[in-house]
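So you can see what is in the structure, the chains are spelled out below.
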Amino acid sequence: MISPIHIISIGLGVSFALGFVNEKAKNLAATSMLVAIGLMGTISAAWLTALVQGAETIQIFTAGFKPPYSINLMMGLHEAFLSTLINLAGLLGGLYLLQSLKKAGNHSIMVFLVFIMGLNVIIMTRDAFNLFVFMEVVSIATAGLIILTETGKSIQAGFKYMLASGIISGMLLLGIVFAYYYSGTLNIDGLATANLTAMKSGSVAILMILISLVLELKPFPANGWALDVYEASNPGISAMLSAASATALYFVLSKIMVIANENWYYIISVAGMLTFVGSNLLGIKQDKAQRLLGYSSVGQMGLLMAILGLKPMLGDKLEFIAGTILLSHYLAKAGLFWLAGIIENENIKDWAVLRRKPILLVLFGTFLFALIGFPPFPSFYGKWELIMQLSAHQHYYILALVLLGSFFEGIYLFQWLGYAIKMDFSTLPEIKLNWNKIIPPVLFGVLVYVAGYYTSTLLPELSALNYIPLLFIVILYFIDALPIYIKNTVAILGMTIYGYQILPPLYENDMLRFIFASIFIVGGILTLIAGYAYKGKREGFYPVALLMYAGLAYIIQASNSLEFFFGWELMTAGSYFLIIRGKKSMPHGLSYMLFSIAGAYALLAGFGLIYAGTGTLALGSLASVTTNITVIFSLLAIGFMTKTASLGLHIWLPGAHAEAESDVSPMVSAILLKAGVFGLILLIVNMGHNAEAANIGYILGWLGALTALVGNLAAAFQEDAKRLLAYSSIAQLGYILFGLAMMSHLGFLTAMYYSINHFLYKAILFLTIGAVVMRVGTHMMYKMGGLIKNMPMAFIAVLIGIIALSGVPPLSGFGGKWLIYNAVLANGWYLQGAIVMFSGIIAFLYLFKLIYSIFLGQMKDNLRHVKDISIWFAIPVYILIIGIMIISAKPEWVLQPLGAMISQWYPDAALAWDGGLATGPYGYWNGNGIMITVGIMFALLATWLWMMSRKAIQVKQFNIVYSAEAPQRPETTHISYNIFAGYQKALGWIVAPKITEFWDSMTEWSHSLAHYVRQIYTGNGQLYATYVLAYIVAVYFIMIF
Amino acid sequence: MDFDFEKIGFTLLGLFIVLNWGLLMGAAMRKLGARVGRRYGIPWFQPWINLFKNYAIRSTLSHGIMFYLGPVFRLSGGIGLFLFMPMIIGSQLWLNYSFQGDLVLIMYFQFFGMLGMALGAGESGHPYSAIGISRGLSQFTTIELPLTLAIISIAVQYNTLSIIDIVQAQQGGFMNWTVFTNPVATVAAMLSLLGVLSHSPFNLVNAPNENPIGPPTEYHGSFLGVLQTNRAILHVVEAALFMNLFFGGATNWFEFFMKTFLIYFWSVFVGVVFPRYRIEQSVSWFLKVPLVLGVLAVILYM
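Those protein sequences? They're chains Y and S, same order as listed.
Counting from 1, position 524 in the first sequence corresponds to residue 656 in the working numbering; the numbering is continuous, with no gaps.
Counting from 1, position 252 in the second sequence corresponds to residue 253 in the working numbering; the numbering is continuous, with no gaps.
Treat the hints with caution; some may be incorrect.
Derived DSSO-like pairs (lysine-lysine); straight-line CA-CA distance at most 30 Å [said to hold, decoys possible]:
1. Y:1088 x Y:1022
2. Y:332 x Y:420
3. Y:1083 x S:8
4. S:289 x Y:1117
5. Y:198 x Y:285
6. Y:1088 x S:54
7. S:260 x S:32
8. S:260 x Y:1126
9. Y:235 x Y:156
10. Y:1117 x Y:992
11. Y:234 x Y:285
12. Y:921 x Y:999
13. Y:1022 x S:8
What the hints contain is simulated information worked out from the structure, not anything from laboratory work.
This structure is a prediction, so every number in the text was calculated from the model and none was measured.
Put together the whole structure using the sequences plus the hints.
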């Protein structure tokens, strides 16, 4: 094995040798540098491999003396890992910067090599003074690299950097001098054993050393200089500073912490948390890409600092948590800065240009999701473990701050992603792709997935995870260039096989999961069939659609909360990409994502508290929770209700569903929302027996009722057909929430029956309306009319859909109404129940408006020749209609198994069945008999009237009787716009957008706050230096008290 | 399902009685209204004349399939309500098909005809129809709210949603009628009834003056005949519902005629006294006193 000292010797040696290379031989110089870094990396990687396989940590003693008389280096697992990371970043970063470095000359190449070498040393060294020296070396090299791009800004930034690092190194040197004075050693281990804290004034030495290292990590608010550096440097350099320097400095802080006591851990965690939350908050207002990445970088380092500060609590978990988050940050941040260099556009809105090269967009998305902590990336597992540990040790404030900071981070990152996916890029310049600029981010993109996979194998909770769906998605990604019909067939086949594998065993063992899995998988297949109606390639659609379905499948199959959360986040990511595909979906995608993240964090916190209470992650442990029940129940309920879009958390839904593509709307409405329902059911059947949960259930009942009211009322006032259906979904999910909240047999039966029905009729309606929209080119109902003649197939589908939804007998919706009455009476929730029933009647308003405005009334001239809906939409629609008809005629086929399933949780007050006759605690109902009676009667009357009117002359719609005046034109005779004006006058106040205003004001407040706070960054170097000093003084005073 | 021809025969007979009673009652009420307004009014047999005339008209126009199905839905709705409503308690023969569903079925079957009619009138393409429907639906939502509360109240009171059981519970003297045992719910429901029967002041839907005749504007001939048939049946059945729920039901046809007449008369009585509301007024009206009473009726049983 080659001694690690040669990492230094190669670095130094080649740097010196470069001085002799002719200034014109730039290729030679650059190649030597890359080879040198490559060799350094090989050494560290070799050590890493050896150490992982169980080799001993080695100490290198220079000059043949042992410490404290000589400098010693150490190569352990951490050092090997980090120096491998640094050398890898150095190699790829050097490659990336090839042109810039060559242009600047051999001295720059030399500086770059010294920079990487210096980072290696500060990782390995165990000597405080040596540390100082090489930190100085790195500082000077950094300053040199900052001014690599010779713009005014970068020179200013370099100068500010020198000002700040001057203060910092002065402080560090003083600290080391004091430490040596008091302890007589410069060796870090020696300093640790000398126990400086116990010595008179020893703590001053510690203060100076630690504060300078903390300052190197750019704590908020003493980090103005760093932001300017990130912003102004060459992106390749910023990548190095963010990925390599910050990683090394973080490790330095962590190794030097051995000299300090508990108080310092506390200070570090506070400083870190402040930085994490503060800088992510300020990021919200930022619109320059590199500076934004700077904020994010600083924020991530803050989080890592906080984690380090929590070492006394985290114990041996620290390594995993900090390691995964650090690794994600390293890969993602370098990748993002590299992308910034390829884009060459400062404004984040201009990142839409990434779409010219889809691979770049994929990379961008990957890095952002890795940064936020989505699965399957390492930080997901790190954050999960962190939250679990924080909960287990009852550090609720820190937990809340971690989630808050992550949420702020989500705001700006997803806004940015939204710009990249949706903004117009036609006016932006072409992207020039050099091979050396694309290899590094691609490689890091691949690595972040590999790292994620590797991390997941470390967790025993994920050992049962089935990777085949994810693999399938990867395959779909690689065949993305093929035409739609091939990809669609592959996707449908994949889902079918998967369904064939998981559904039969679920049917045998677990009815609840069987029902939801059927909705997800059968619904998925049906909605995918509609995809054949599209032409071309539909790039990027299939991987994300299948990602959502894979997430849903993971949720079904999860046996512990980590698996569940894993699936939940995958589903969120997939559905986000599906939603944002719509033409005008940018803001809606963002608002969906933000509600989803916030909801996911509520779930995370809830799962954390369960883990704290029971010590296990198994989903079944919900039932045995005995502490914090109110908080856990509320957190989980809120988390799930962001998906079911209950009142207050619903504002993302109308836009997201309405603006989505025609076949995506049913996916995200009829299917996706059920994930929230499934979660709520799991929550309630496991935790509902607690008195505290029942109290919250009472609130949820009211919430469900009001959601139903507001949803239906708002739907009645929509002019946009898809928005109308979206509000209708909100209301329907309100019924379901209401039913579940009753926590009784009939309540659950209502909710389950509604879940199945809502899936059927909302899929029918969204698919049909979506298909109509594809034909007529508008969502606005008042721009349509009289289409029944052109679109009989669509009309019949919508007719069946609205009759079923409205609850009019004899179709399936009536069963739901009947169940609600019985459940409400049995449960005594009369007033809430009356609101639910009232909302059910309001539904008639929008259902009439929907079918009338589109299909009946007068036709528009421009639509006289539209064709009926695409057959590919009609096929799934009519399959679903068969489903509705079966359930309508034979409700017992569905309700009996549901009843049997629910009886395992709520055995009381079940329905009694006698053939098709159901008898509840209050009433009775024979769906089958009613269907036959009504059917016969209807057929007889229809025949009778036909007999009487068979000679009637068929006339067009416009042939109408008027009294005094004649209508001018059919299109102005169609009554549709604001058709319920009177109703709006009377009851419109109920749906005044107060909740939207509330969330808007929250957004405004956070933006204003961010704007206000970021004024501390004036750009003045002296001021920044003052902040650094003030920070030191502040920490000093805190330490005194 | 077994076909019990005796049952079918009696049900059809009942339907015949109800239809004619409805026509007669309609004529009587119009006559009463006219006399209050110091007019002579129509002859008592006018509804039959209208019906025969309409069914006999040979030249009709149709705007399409839904236009034709609208009246079918409407009449199915009316007859369906009749079928699912027990008429005369005490005789199995007049209970119709009420064994197939309870009060909830009646509540929701009301919409069967309304919805179908709305769609049929919609296809006629006449703007007045659409205006009429939008008003009708708007008004009906809030009519239903106090009614729903009243029904919850009596369902709790009698511990059942079965109409037959509710009627049975009221037997044994008029003091057992819901109107005396649960007056608040009865008042709330009777106020709703004004809307259900859509007489003045809640007759903006058909708005005879400025909006010729609301949803049926384009209907004529046999289509209109079907609608008129339905209206006669529906008024009796709605009155029968209130009779069953609040006034002890009927044990024989005489009692049935008396009670339905008086219940129907209540709406005519109010109608001749009060002028018509605008739609936002009527929508709000049901959310004031009737709603408060409805809530009170429920709270009393909580």
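Okay, the hints, checked on the actual structure:
About 39 Å separates the Cα atoms of residue 1088 (chain Y) and residue 1022 (chain Y), which puts this hinted pair outside 30 Å; it is violated. Distance hint between residue 332 (chain Y) and residue 420 (chain Y) is unfulfilled; the C-alpha atoms sit about 49 Å from each other, more than 30 Å. About 35 Å separates the Cα atoms of residue 1083 (chain Y) and residue 8 (chain S), which puts this hinted pair outside 30 Å; it is violated. For a cut-off of 30 Å, the pair hint linking residue 289 (chain S) to residue 1117 (chain Y) stands: about 15 Å separates their Cα positions.
With a C-alpha separation of about 47 Å, the suggested pair residue 198 (chain Y) and residue 285 (chain Y) falls outside the 30 Å cut-off, and the hint is violated. For the hint pairing residue 1088 (chain Y) with residue 54 (chain S), the CA-to-CA distance comes to about 25 Å; that is within 30 Å, so the pair holds. Between residue 260 (chain S) and residue 32 (chain S) the alpha-carbon distance is near 19 Å, which keeps this suggested pair within the 30 Å criterion. A hinted pair counts as satisfied when its Cα atoms are at most 30 Å apart, and residue 260 (chain S) with residue 1126 (chain Y) does not qualify at roughly 48 Å.
In summary, the hint linking residue 235 (chain Y) to residue 156 (chain Y) is supported, as the alpha carbons are separated by about 10 Å, within the 30 Å threshold. Between residue 1117 (chain Y) and residue 992 (chain Y) the CA atoms are separated by roughly 28 Å; this keeps the pair inside 30 Å, and the hint holds. In summary, the hint linking residue 234 (chain Y) to residue 285 (chain Y) is supported, as the alpha carbons are separated by about 21 Å, within the 30 Å threshold. With a CA separation close to 10 Å, the supplied pair residue 921 (chain Y) and residue 999 (chain Y) stays within the 30 Å bound.
Under the criterion of a C-alpha separation no larger than 30 Å, the hint pairing residue 1022 (chain Y) with residue 8 (chain S) is consistent with the structure, at around 24 Å.
The structure fails to meet hints 1, 2, 3, 5 and 8 from the earlier list, while all remaining hints are met.
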